Structure formats: C-alpha cells, structure tokens
Amino acid sequence: MTTMVSADTLDISFPEVDYLALAPLLIVFGAACVGILLEAFLPRTRRYSAQLVLSVVGLVAALVTIVMNVGEDRPAFAMSDGSRVDAIVIDGPGLFLMGAIVAMGVIAVLLIAERRVSAGGAFVAHAAVAADSKADAAQARHPGATEVFPLTMFAIGGMMLFCVAGDLLTMFIALEAFSLPLYLLCGLARRRRLLSQEAAMKYFLLGAFASAFFIYGVALLYGYAGSVQLVDINAAIAASGNSQVLLLSGLAMLAVGLLFKAAAVPFHVWTPDVYTGAPTPVTALMAACTKVAAIGGLLRVFNVAFGNSGNPGGPSLAWDWRPILIAIAIATMVIGAILAVTQTDIKRLLAYSSIANAGYLLVGVIALGQALGATLFYLVAYGFTVLAAFAVVTLVRDSQGEATHLSRWAGLAKRSPRFAVIFTLLMLAFAGIPLTSGFAAKFAVFSSALEAGQTSLVIVGVLSSVILAFPYLKVVVLLWLSQPVEDAPAVSMPGFMTGTAVTVGVVFTVLLGLAPQVLLNIVDGAGQFLAK
Amino acid sequence: MTPTYYLVLAAALFTIGAVGVLVRRNAIVVFMCVELMLNAANLTLVTFSRINGTLDGQIMSFFVMVVAAAEVVIGLAIIMSIYRSRRSASVDDANLLKY
Amino acid sequence: MDTVFAPATGALSWMWLLIALPLAGATVLLLLGRRADRWGHLLGTATVGAAFVLGLVFFLQLSGLPDDARSATLDLFTFVESGSLNISAGLLFDPLSAVFVLLITGVGFLIHVYAIGYMSHDEGRRRFFAFFNLFVAAMLLLVLGDNYVMMFVGWEGVGVASYLLISFWFNRPSAATAGKKAFLANRVGDAGFLIAIFLMFASFGSTDFQTVFNGTAANNLASGTVLAIGLFLLLGACGKSGQFPLQTWLPDAMEGPTPVSALIHAATMVTAGVYLIARSHPIFSANETAQLVVVSIGALTLLIGCVIGCAKDDIKRVLAYSTVSQIGYMFLAVGLGGAAYALGIIHLLAHGFFKAGLFLGAGSVMHGMNDQVDIRRFGGLWKYMKSTWFTFLLGYLAIIGLPPLSGFFTKDPIILAAFNREGWQGWVFGGAALLGAGLTAFYMTRLFILTFHGPKRWTDDIEHPHESPAIMTIPLWILAVGSVAAGGLMSTSVVNWLTPVFGHTEHHEEKMSHWTATGLTMALVVLGVVIAFLLFRRGTALAEQPARTHIVRAARQNLYADRFNELVLELPGRLLTRALVWVDNRGVDGVVNGLAAAVGGGSARLRRSQTGFVRSYALSILSGAVVVVAALLVVTFG
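Chains as they are written, first to last, in the working numbering: chain A, 1 to 532; chain B, 1 to 99; chain C, 1 to 638.
Each hint should be verified, as a subset may be incorrect.
Claimed, not checked - Below, simulated DSSO-like cross-link-like pairs (lysine-lysine); rule was C-alpha separation at most 27 Å, straight line:
id: 1; chain 1: C; residue 1: K386; chain 2: A; residue 2: K414
id: 2; chain 1: A; residue 1: K414; chain 2: C; residue 2: K181
id: 3; chain 1: C; residue 1: K386; chain 2: C; residue 2: K456
id: 4; chain 1: C; residue 1: K383; chain 2: C; residue 2: K456
id: 5; chain 1: A; residue 1: K474; chain 2: B; residue 2: K98
id: 6; chain 1: A; residue 1: K414; chain 2: A; residue 2: K474
Simulated from the structure, these hints should not be mistaken for laboratory data.
None of these values were measured; they are calculated from a predicted model.
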C-alpha cells in the first residue's frame, strides 16, 4: 500500500510473508475453501460427517497455531526496505481475540452440526424452495444443507481477520467476509422460514447500509492521512496538519460501521429481529463470536489509531470522541436493559441483553488501554455463557419446534430440574451474581473503568445491570415457581454435541466465577496492541 | 476543475443513496441505493488518491468493487428467496418480527 | 507471640490431595449415577482410606520437623486480587490441623466401612457414599484452610453435606423437617461467622490466620472490636456445634442414617465449633469477656444436655444430647484458655472415638431390631449381640470417665481446670462440670441397662435379634479399642504435640489438687451409676411415665428450648418482620414499585419503537450517524 506513483516505472517490491503468523487465518479460510470443494464433489450422504470433521479439525489446528504465535508481536508482512506493511498485525490482544473466536467457534459449529435434537438439524435442506409450499413440506424429511459448514468457517475466518487487521481496507474486507456468510446463515432455518428469511433480509440490507458508512469513513480518513494503516492515521493525527473535518467525519462514519456490528444504540435496531428469526445455533454464533470480533475491531481502532497508545504523552484524539462514545455507551446500557424488561420471547430477551452487554463492553473500550484486559475477559466470560444459554434454548421444544415464548417455559423446573438448574445458573451469571463469571467480568470492567476515571459510566453501568437483573430473575421465577402450562414443551435430551456445548459453557461460567485470576493473568499477559 | 468537486459529488451521491434506502420500498431498489453509497465511497477514494498522489486509493476502489459484487450475489439470493415465499419484494411487507 | 507459618516442602506440598481425593470420589459417584451403583461404596471408602494414609504420611513428616517449625502452608491460587482486597486460597497443615485430619480420615474411614454393611439394603447407597465423601472433603477443607474465608467455604460445605444426609430419606416428612431445622439453626450461626469475617476484613484487610493473629497480638485494635469478632465467631461455633441457644437442631438431626449421626453429628462436624475457637485462640486469649462467654455457654450447655439426656427414650436422641453435653465440656475447656485449649482438643479426640463407637453400636442394635429406636422396647440384648454389647460397654465406660478408659484422662483435667479458674468463677464452672459428670453417669447407665440388660420388652414382630455382620462389628471393635486406649496414650503426648500451636503456659496456683478433683468426680460418677442401676435394673414401664416434677416435665420438652427459641428468637423476629413488611409496603415498596412501574412502562413504550420495518431501522441508523458526525464536529469546533 505504499507504492508511489512515479513517472514511468512502477517499482513494486514484494513483502516477505511470515507464514506462521498467517497460519491460523490460512487454515480456517483453507478449510472453508476445501469445504466448498467437498460440497461439489462428495455424494450428498457423505458430506455431513466430512464437513463436520473438516471444520472441527480446522478450528482446532488454527487454535494450535494461535498458541504457537504467542509471545512475539509483529506484522505478518515485512518489506525488504523496512517500510511498514500493517495489513495483518499479530499481537497479544489480537491473538487472544482470535483464540476466543476460534474456541467459541468450535462450540458454535457443534451446535450448528447438531442433528439429534430435532430430525435433520436446525437448517433447511433446500433454501431455494419457497416457504410453506408443497415442495417445502416434502423437503421437511431431508437432512439439513451442509453448506452451512463452509459458510460458518468463512464467517469465523473473517472475524479472526477483523481482529488482527492493521489497516482499514483489510478490516473492511474482513467485515464483509464474516458478514456475508452470516446474512445467508440467518436465512436458512428449517422451521418458521418466513421469519428466518425476513431476518436475513433485514440483516443484509441494514448490514450493507452500515458497511457503506464504514467504507465512506475509510475513504475520508484516507483523504485525511494519505494512508489507511492505523498507525499512519495515528501519526497523521499527531502531526495535525490536515483538515479536522475530514478526520472527524471519517472517524464518525467508521465508528457507525463498527458500532452497528457491536449492536450499540442507536445502531442496534437489527439485533432483536435478527436474533429472533435466525436459526438458534447461528444466533449463538453471532452473540458470542461476532460480539468478540466487533468489540475487538473497536478496541484496535480506538486504541491504535485514535488513542495515543502509539505516542504516549502526545496529542490524543480521545478528548474529541470520548463524550460521543460515552453517550452511546450510556444509551446502549440503559435502553438495552429497559427493553429487556418487557420481553416475552427468550431469544428476544437474550438479544436485548446482548445489546446491554455491548454497552458494558463499550465502557471497557472507552477506558482504552487500562481496561483492555478486563474487556477481553468480559468477552470470553459473556461469550461462553451466551453460547450455553442458546444451546439450552434449542432443547426446549414442542411440536412446532423450539418453544421460545416465555409463557411456554412456565414451571419447566418440575419436569426437567436438571435443565432448570443449568438455565438458572446461566441467568444468574448474566445477572452478575457473585461466584459466576458474569460477576467477575463486570467487576473487572467496572473497576478498571473506575481507575481510568469513568465514574459516571460505571454508575450508569451498575444501575443498568440492576434493571437487567430483573428480566433474568423473572425467567428464573417463571421456571421454578409458576404452574406448568397444559401442553408444556418437553426438554429434549441433548445429543453429544449440544451436551458438550452446554457443559463447556457451564464449566466456563462457574470456573471463571470461582477462579477468575487464571484468565485475568492471561489477558494481562496479552499486553497491549502493537502500535509502534 | 479542482478535485474538490468530485468530493462534493461523491458526498451528494452518498446522501442520495442513504435517503433512497429510507424512502424506497422495493428491496432491489433499496439495495441499489446501498450500491450507490458504495460507489460514492469509491469516487471519494479515487479522488483522494489523485489529491494525495498515491495509488492506494485506486487500488482500494477495486477491492470495494469486488466486495460490492459479492454483496450483490448474496443480496439477490436472499431477496429472491423471500420473493418466492411472499410473492412480494417490498421491504415493508416483511414485518413479522417486531417489538 | 508472633504467628509465622513456614511454606510446605517435600511430601507436604501434596497436601491438596487430602481434599482432592474424597472430592473426586464424590464427583465420580454423582456424575456416573446408577452406573456406579455396584462399586460406588467401595470407591467412596477407598478415597477416605487413601486420605487417611496420606494424612499419616504428612503427620510423620510434620513430626520430623523441629518444634518451632511445625507448620506448612501451601498457596493454591489467588481467589480474588483487586486493589486492597486479596483473598488467596491456601492450605495450612500444623499440629492442630494434623490431629483433626487424622481424626476425620481415621474415624471417617471406619464409619465408611461400617456404612457398607449398614446401607447394604438401601437403594440410595451410592448417593449416600457420594454425599459422605463430599462431607469428608469439605470437613478437611475446613480444618486445612489457612484463612477464614477458606474455612468458611468448608464450613458451608459440611453444612450442605449434613443437610443432604439428614434428609437422606427425604420421603420421610420428619427427616425433611429435621434437615430444614438444621439448615435454619446453622444459618443463624453462619450469619455470625460471616459478620466476624467482614469485621476481620475491615480491621485487618485480610482474613488469613497469620495476619489476623498478628494483628490481634499487636494489640492496636479497640478491645470492643476484638470482643465483637470473638462473639460473632462464637455464634458461628454455637450454630455448628449445637451449643446453647442453638442446640435444638442436633437431636432432630438423628433422622439421618446412623453412620451420619456417628460421623457428622458426633465425631467430626459438630466439633468444628471447638476447632474454630481453638484455631482462633489468639483472638479469644486477647479478650477476657469473650472467654467468659465461651466458658458460660459451655457450662450451661453441658448441663442442659445431661438433664434432657436423662428424660429421653430414643436411643439416638439420648446419645445426641450426650453429644451436646460433651461438646459443652470442650467449649468449657477452650474457653478456659491457656493450657486448657489442649485439654479441649484431646477430649474432642477421645469423644470422637467413643461417641462414634456408641452411635455405631446403637446403629447395630437398630439394625438387629427392625429399626426400633425406643429403649423401652429393648432389654436383654446382651445375649444376642455380644460384639455390640461389649463394644458399647467399653464406650459407655469411657464416656462416664471410668479409669483407665479415655474419658477419665480427658474429662477430669477439664473439671480440674474449671475449678482452678480464679475467684467465684472456679466454683461455679467447676461445680457445673462436676455435676455434669454425675448426670452423665446416670443417663448413660440408664441407656445401657435398658438396652442390653433387664427383661425383654421387644415388640411382637421380633423373634430373634441378630448380631450385625463382620463389616459392621470390626469398626466397632477398632473404635472400642480406641476408646479404651486413646485417653491414656494421648493425654500427655497430644498436649505436647499441640504446644507449638497454643504455646506454653506457666502453671499458677491451684485451688484444688488433682486428687481431690478426681476423688469428687469419681464419687459422683459412682453415685450416678448406682442410682440408675437401682432404678432401671428391672426395666421400665412401656407406658409414658407420669411426670411428677417440673424438672422431668421440662426435660421431656427439651427444657423448652424449642419454645424458648420460638419466644426469644422467632416471636420478636416475626414482630420485626411484620413491622418491616409494613414499612416496606408503605415506604420502600412504594418507591421501588414506582420505579419498577416506570421502567416497565418505559419499556413497553420503547418497545413500540421497534416497529419491524427495515426502513425505520435504517432511519435510526442514519440519524444516529448524522448525530455522531454532528456531535463530533460540534465538540471539536463548537
């Protein structure tokens, strides 16, 4: 990206590629491409197991290479003339975010692959068949499409790339690389296909709308700094020669694109509808992994380009954008919590809770470097709990499929105490009750935000979590104290894969609550973003 | 002609696209408005590339075009499938998920 | 005296295994479910046995160290580390924990073995062993924790295991009620313990023993704070150990299976209160008033236990009240302070042996008599269950303090130490302890004679009572040997062993000589035995005896303890609750409900903004973007 225009010769030198640094991304994208080939060449009956194995093995291999990369912060490309190419930057927080996405991705893939809980799985066999038509009834017996595996792998790969992208163009590509598969995945539900298609369309139109803002912001910033590398933008701000209007409008547009993905108010509007309409395993993937990617991207952009971590003591743009982001964070925490109070559908309730949690995470973003570790901790704690919660949601079923309306959940504890205990634990973790990961995470983020001087934000955050505790506890009361409805849904026995997902989620929820220090040490060890 | 005019034109296109998303009902047209916004961004990139004297902006606009093409593929697929089910491409008809 | 603990070395750095083994046992048994039914009891017993062997190894290593270095701490992990708040999870193995570890795992192992036989016909045997292992793990955590928070975790853990086991036969309403009662009484005590922990945090910023003790020793705290910490700890101890005024749950807890009564409600868990006070000795030694309260509670409880014990006809309840009373002796001892700390601990150890033996003996009797518990329905059993009879006899002789059995070596010194307290207190507490010894002799003789001797008064369905299988009688024999020998062997060696913990104390002038005290005690004991023998050698009427005196009537009603609690604790509590509810409904709820309604109303209205139309969503995004751009520009240029 530093090629200069010269009169007659283009002097192009190729960068040296650090393949170890790229390995996690190459493996995941490679597995996705191989998955496409499998779709093309394997007979239909063999695709499912091949795709499942390929996906899980690919993700585990990626995790291994991520661990192998730990310890050395560097860009993945190096020019022989020593100039900087920051397209992909491997650093502590980036590796941690990638690791979190891959680890949660494995769980999400297991949920996506589950076919024991309902016949054929959560996905439709032929998405092109019109919903509620004769052909649609006929295809109900067919097992679900296996295209979902490569789509998921592309999404996960895109999210990983998003967290380690060091320039805005790579970031844009990554954004699209994980958004486009997600749009499709949202529309592939086996049951209630009209809702699913509607969710996909809403997500797609609004997502494309938001990414238009993102790329326009990139264009403006390019105009301001003459480069789209985060470090160059930071340096340009330090030199402060060019038009501030370009810089600030560019920053604002860029932020809109990022905040859309993170589901911050007022860019959250798509979240409840899409979370409700999408197949539940895909909702789990979005709630856990997309959240990590979006917040990871926000963290990197604001820390590296618009904070002053690169040149401590130098001029910082933080004074300009902080008030705006604070207002957004407050609105997100409060509106998310308040809207959750009157929800009657469990997936919608979790969607609003996801919005409010985006607000708590924004508190960590605003506190910049001081709260980086705590924010990373929060992402992992929240991600695993929300995965387990959605996994449990897939198990409560009646003849129409998943029974997500809360009135149908009344008194379920009497019929399935084990399920009720697990879901109660998850709700308590969301509500931030001590000895669960939710408490440790909120405590970590809020206390580091206090240290960074964001007292008012923390006060609002605590108030919002008090409000938010109410809907969670309402679910608990409903489970245990209400009389069951007549044709109450049954809680299916989880198959191996859903069982694993629930178990892992619950174990993390409890472990991070009992011994948070273990993970806190890891996030502290991850250090700061590479910004020199 | 100073390059600033191109920037103003791009901003105007971007605004037209954004407003178009709000006022048009047909999903295909809404999507075309989004494409318009992307192209406004492209025009801005190319203009700045000219102003700054670097090639980066022009290269980036290629990337954006490719992404836009990919979006078309996905978007048309989604809009087609919903059109088959509902016999309607109006974004206002798809209104089951709310509150 | 500065308290300094040395870090663990060698084998001792593996001491976490002590807790991990039984915990793993419990986990495996609970997780595997029915699949483990066939071998679950063996696994459960094996983990405790292995823990005992480990305990022995650690004990030997510890005894190899020089006197002043006999302690080992092991940091496991940091629980919370945030600014000034620092809670780390660590273990401490010192002479005091060592004797408890050996008692818990040793007696625990024997009772596990016994339970294999006792529970052999029960469908829930695996579940029983899982809970039993859980209990052992929690109890070991309690005595091995190196700070009060860890101890509290174990404290709650044994509580949980105890409720689970009391209501083990949960389809019996009485068992479920008893579990609930135990839970409530313990809650009162636990609240006290928690407040004490908060006070420690506030005063010392930490709860680990070293910091707290050195802080107390440095004497820069107001004596009121030390007193408050001490009294709240004592409240916790009273709840767990069934001391006045929270003693009523313990006899009801006998609804659980007999091995539970033996292990949890006689030998180990109920002595946790004694451990708590002995462990906190620097706190209690620093405040005379706190010590006086401990001694008074001990003396009062030991008499209450004896008096009620005389009036009960249920074999396990008599033993339960006897436990209450014996723990009263221990409280008395640890309250006296100084050299008497060690006396309390050796009485605790001896009691662990003979009371476990007595309970298991009672279980063996019930096993042979179709689960009959009324001693008026026994009689003449000695011919039919020789092993049970003989081991029960040894336990009985040990508890009444006949020389040279263990009770003699451990109870007499406590009585003597009580007499030697200064001034009027010596006479009051010594007198109470002495009277208690006589009463103990009376009711234990009554129990023994009515059960094993005299005419048969069996119910009709029993033709030929049978002796229990060897797997149950062998533990009985081992415990009986312990009851006989423990006292003589332990009295001096354990006192010396515990010196590094409690420190040396100089002997001061004695009011009463050793021999006078022993003589007096023996005289009263013999008197008690003789009276009981004369009264009950011909058995007793099956019908309820008319209660001629107030004391009998009162004793049958557990000395009105339940009614006392009702009046003193429950009634004011209820009035207070009613008052609070009134205030709450009118004032607090008004505000809270108003807020909740406001939030709910706001929520319902805001929900409407989520119209479901893509275009209105796009409007929200676009206006958001415009506001952000405008605000940024205004902030900068405005």
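Outcome of the hint check:
no., hint, in the structure
1, C:K386 / A:K414, "violated, 50 Å"
2, A:K414 / C:K181, "holds, 24 Å"
3, C:K386 / C:K456, "holds, 16 Å"
4, C:K383 / C:K456, "holds, 11 Å"
5, A:K474 / B:K98, "holds, 22 Å"
6, A:K414 / A:K474, "holds, 17 Å"
Taken one by one, the earlier hints fail for this structure only at number 1.
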